[in-house]
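S.K.: Letter by letter, the chains look like this.
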Amino acid sequence: GENVEQHPSTLSVQEGDSAVIKCTYSDSASNYFPWYKQELGKRPQLIIDIRSNVGEKKDQRIAVTLNKTAKHFSLHITETQPEDSAVYFCAAKGRAAGNKLTFGGGTRVLVKP
Amino acid sequence: NAGVTQTPKFQVLKTGQSMTLQCAQDMNHNSMYWYRQDPGMGLRLIYYSASEGTTDKGEVPNGYNVSRLNKREFSLRLESAAPSQTSVYFCASSGLAAGGTDTQYFGPGTRLTVL
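Those protein sequences? They're chains A and G, same order as listed.
Going by the numbering used here, the first residue of the first sequence is number 1, and it counts up by one from there.
Going by the numbering used here, the first residue of the second sequence is number 1001, and it counts up by one from there.
Treat the hints loosely; a few may be bogus.
Stated by the list, open to error - List time: in silico DSS-like cross-link candidates among lysine-lysine, alpha-carbon distance up to 30 Å:
#, chain 1, residue 1, chain 2, residue 2
1, G, Lys1057, A, Lys37
2, G, Lys1009, A, Lys37
3, A, Lys37, A, Lys22
Derived from the structure by calculation, the hints contain no laboratory data.
The structure displayed is predicted, hence computed values, not measured ones.
Sequences and hints are given; from them, build the entire structure.
M.R.: Have a look at this one:
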């Protein structure tokens, strides 16, 4: 089955700086890659996603890039703000039916004011 | 629309007790999922239902059973709870009836403690 690895596990940045989180996946047939943000005690919420036919997608201060050849994708957050502090999860949808996602282990991001 | 709802929000069980976690969605989604999230960890899939009438095992199914009662509801049952099942349980759904989407929407979670 699909295996997703996420790095780093923790990330501390100064407010206004950029943050980058990287994920690698194992199933070359995976075609959908969402990113979720989870605040303390809350549910995961989708912040951005990308499909395998696209190399980059941007939404205001967040962007995701996908390199299918290398089987990795990254989340970029620019001009970080304290409210960006949370745990971020990447995921990949492999071959199996049911839109089943495999999640990375998460990155705890702390934005210091 | 309420989205994905879960009951209860919190539960404390003694080892060996049984309980059922309830999940419902009002988005007319075909697929539903149950995950567990241990402290400081990622999300691990327990069971999923690709469509009404079907269920399948995920990554960590041992100790759990599920029922897809109808298109809206997907329940998770612990027959004999163990302390290792202490976790936060999230239900999710995806897939519009027309068009389709991969996006999974999560419920608020059930925080379960087994003593």
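S.K.: Work down the list of hints and note, for each, if the structure agrees.
M.R.: Hints and how they fare:
{"no.": "1", "hint": "Lys1057(G) / Lys37(A)", "in the structure": "26 Å, holds"}
{"no.": "2", "hint": "Lys1009(G) / Lys37(A)", "in the structure": "20 Å, holds"}
{"no.": "3", "hint": "Lys37(A) / Lys22(A)", "in the structure": "14 Å, holds"}
Against the hints set out earlier in the document, no violation occurs for any number.
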